[in-house]
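Model the full structure from these sequences, guided by the hints.
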Amino acid sequence: MSVFSEQNPLRLRKPALSDGPRIWRLVRSCRNMDLNSLYSYLLLCSHFRNTCVVAEADSEIVGFVSAYKPPNERGVLFVWQIVVREESRGRGLAKRMLAQILRSSSCGNIRYLKTTVSPANQASKALFLSMARELGAACAEEPLFPADLFEDQAHEEENLLLIGPFNDHKARRKEGKDEGP
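Heads up: the sequence shown runs through residues 0 to 180, numbered per numbering that gives the first Met the number 0.
Don't take each hint at face value.
[What the hints assert, rightly or not] The calculated lysine-lysine pairs, modelled on DSS-like cross-linking and capped at a C-alpha distance of 25 Å, are:
(1) Lys113 x Lys124
(2) Lys124 x Lys68
(3) Lys94 x Lys68
(4) Lys94 x Lys13
(5) Lys13 x Lys68
(6) Lys13 x Lys113
(7) Lys113 x Lys68
(8) Lys94 x Lys113
(9) Lys94 x Lys124
[As the list claims (entries may be wrong)] Quick list of simulated restraints, FRET-style, between CB atoms:
(10) Ser39 x Gly135: 17 to 25 Å
(11) Arg24 x Pro142: 15 to 23 Å
(12) Phe149 x Gly107: 30 to 38 Å
Hint data in this document are derived by calculation from the structure and do not stem from the laboratory.
Note that beta-carbon positions come from the ideal geometry of N, C-alpha and C, so glycine has one too.
This is the structure in structure tokens:
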């Protein structure tokens, strides 16, 4: 399995339809990730590719962020899922992928990030708190989906994190210009 390094550089890009099965396998291989249907990953790679990003090293997908713009919430990007292959964790890849999406031309009007996290997922919560600090924005947390809505699945409640408002300049400052995905 690939681990990105100077000899094996990382490439961030929009997902292609053909990435759907590889993304599904990546999510399936990671413990504690909610595995969606392969069909949903195909939709993400086609209908929502402008707000998603794939991290690739040596032609292997090592990370993926799925996000979308809720149709009735102007200026909001909802981050659905972030997955990083275990060997590639601890290098800031998740934050780099999020920043790549925010720098894209399709997210020029985004001023808020939303996501959900379960109480046990402290790594994800820490990522979004760090992102809020980097964007110079507040981060509010409130209950969204109680555990009983997940019926027979062993699933914790999901709390909503709302980051923002932040400005376009803060979201794009690392590269100084608009870049893909």
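Going down the list of hints, with the structure as the test:
Between Lys113 and Lys124, the direct Cα distance comes to roughly 12 Å. Compliance with the 25 Å bound is thereby established for this hinted pair. Between Lys124 and Lys68, the direct Cα distance comes to roughly 20 Å. Compliance with the 25 Å bound is thereby established for this hinted pair. Between Lys94 and Lys68 the CA atoms are separated by roughly 19 Å; this keeps the pair inside 25 Å, and the hint holds. Of the pairs offered as hints, the one joining Lys94 and Lys13 holds, with about 16 Å between alpha carbons and a cut-off of 25 Å not exceeded.
A C-alpha spacing of about 16 Å is found between Lys13 and Lys68, which places the hinted pair at or below 25 Å, so the restraint holds. A threshold of 25 Å between alpha carbons decides the hint, and for Lys13 with Lys113 the separation of about 20 Å falls inside it, so the pair holds. A C-alpha spacing of about 10 Å is found between Lys113 and Lys68, which places the hinted pair at or below 25 Å, so the restraint holds. For a cut-off of 25 Å, the pair hint linking Lys94 to Lys113 stands: about 14 Å separates their Cα positions.
Of the supplied pair hints, the one linking Lys94 and Lys124 holds, its CA atoms being roughly 12 Å apart against a limit of 25 Å. Separation of Ser39 from Gly135 is about 33 Å and departs from the stated range, judged on CB atoms against 17 to 25 Å. In this structure the hint that Arg24 and Pro142 lie 15 to 23 Å apart at CB is violated, the actual value being about 33 Å. Take Phe149 and Gly107: their Cβ atoms lie about 35 Å apart, and the range 30 to 38 Å holds.
Against the hints set out earlier in the document, violations occur for numbers 10, 11.
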